[in-house]
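Engineer: Numbering-wise, my numbering comes out as the position in the sequence shown, counting from 1, plus 1.
Incorrect hints may appear among the rest.
Each pair of labels, with its calculated beta carbon distance range [unchecked claim]: (1) Glu139 to Glu99: 39 to 49 Å; (2) Pro106 to Glu146: 43 to 53 Å; (3) Lys3 to Val105: 53 to 63 Å; (4) Glu99 to Arg149: 37 to 47 Å; (5) Ile137 to Glu102: 36 to 46 Å.
These aren't lab readings, by the way, just hints derived from the structure by calculation.
Just so it is clear, CB atoms sit at the ideal spot from N, CA and C, and this is done for glycine as well.
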Amino acid sequence: MKIVVYTVITFAPVQGFISKSRKLRDLYGGSFIISYLARTICDAAEKENFQVVSPATIKFTQGTPNQIVIEGETAFHQDRIEPIFNEAWQKLVKACREEIEDLVPRDDYGWQRNWKAWGNYAWEFFCAEGKQGESITEVREKLNEIKRSRNWVGIN
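Can you build the whole structure from these sequences, using the hints too?
Structural biologist: Following this line, the structure appears as structure tokens:
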């Protein structure tokens with residue numbers, strides 16, 4: 002009997018990220034970035050011989066959903082996935098910063114702190130690791146519970 006363990010991964014705030022779109026090109030760009038980050042996770046899983054169950058076979062990056070289901074003989078642990086996700090995001094942020102600085106050269110950019118914060122704190126990463134015999138639905142329910150139990154702090 003084949004051992005199957007599911008891992009379900011997502012990241013947030015996807016809706017907030019997309020809702021900032023004021024123009025169609027912003028919406029396209031935001032959607033593309035989210036798809037790129039999701040694709041990075043899928044590629045990392047496949048590289049480590051896990052099977053990406055959902056989304057189905059990906060031939061291109063555009064339209065990749067941000068909830069990913071991975072199957073393997075063991076869980077694809079968060080401590081292996083999250084650094085890959087963060088690295089992809091930080092590379093993207095760095096490329097954007099460098100492009101802006103090249104297009105609008107100045108000596109007095111005071112944005113370093115903001116760019117660093119954007120690169121380090123823009124996303125929340127969630128991962129639910131199933132046990133042998135648990136269904137995809139059960140692991141997705143675990144993921145939803147993890148997201149609901151976040152330690153929110155309201156600023157008044």
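Engineer: Against the structure, test the hints numbered earlier, and report the numbers of the ones violated in rising order.
Structural biologist: none
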